[in-house]
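Okay, so the sequence shown: first residue is 412 according to the numbering used here, each after it adds one.
Read the hints as simulated data drawn from the structure, not as lab findings. Every residue gets a Cβ at the ideal spot worked out from N, C-alpha and C, and that includes glycine. Just to be clear, a hint being listed does not mean it is correct.
[Said to hold, decoys possible] Distance ranges between label pairs, derived from CB positions:
id	residue 1	residue 2	range
1	442	475	34 to 40 Å
2	471	430	33 to 39 Å
3	513	414	33 to 39 Å
4	415	514	26 to 32 Å
5	430	509	47 to 53 Å
6	426	512	28 to 34 Å
7	476	426	32 to 38 Å
8	457	437	31 to 37 Å
9	509	476	42 to 48 Å
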Amino acid sequence: MIRFLFRFLGLLTLAAAFILVVYDGARFIANQTLDLTTVGYVWASVHQNSLLLFQPAVERHVAPWVWQSLIQPYLLEQPASLLLLIFGMIFVLLGRRKKPLIGYAR
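Turn these sequences into a full structure, and let the hints steer you where they fit.
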């Protein structure tokens, strides 16, 4: 059951990554400029309040430099399709079926 949920979640995130690639491709064809949808833009579009609360929480409880030098450039400014692709592949790999053992009686 858990493997099924991992596979389902993985395929769902891979489908979302594909949709974002198609969306970015259509924008590239229309505007003739490559402007990829970032994680920060998607997060702000889905739930802006959590993003606005996440920044002061990280700066207050961890360190201000973590937000400025790690989270913002290495997470929020990355293409959302790439992040969804990575998470989708991880979930699909976690949900794969185990290979049968060869030569062992069950």
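Now the hints, each set against the structure:
For residue 442 paired with residue 475, a C-beta distance near 36 Å keeps the hint of 34 to 40 Å intact. As the Cβ distance of residue 471 to residue 430 is approximately 35 Å, the hint placing it in 33 to 39 Å holds. A hinted range of 33 to 39 Å is violated for the C-beta pair residue 513 and residue 414, which are about 21 Å apart. Taken as a hint, the range 26 to 32 Å holds for the pair residue 415 and residue 514, whose Cβ atoms sit roughly 28 Å apart.
Between residue 430 and residue 509 the C-beta distance comes to about 31 Å, which lies outside the given range of 47 to 53 Å. Checking the proposed 28 to 34 Å range against residue 426 and residue 512 shows it holds: the Cβ atoms sit about 33 Å from each other. The hinted range of 32 to 38 Å is satisfied by residue 476 and residue 426, whose Cβ atoms lie roughly 36 Å apart. Distance hint for residue 457 and residue 437: a CB-CB separation of about 20 Å, inconsistent with the stated range 31 to 37 Å.
A hinted range of 42 to 48 Å holds for the C-beta pair residue 509 and residue 476, which are about 43 Å apart.
In terms of the numbered hints stated before, the structure departs from hints 3, 5, 8, listed from lowest to highest.
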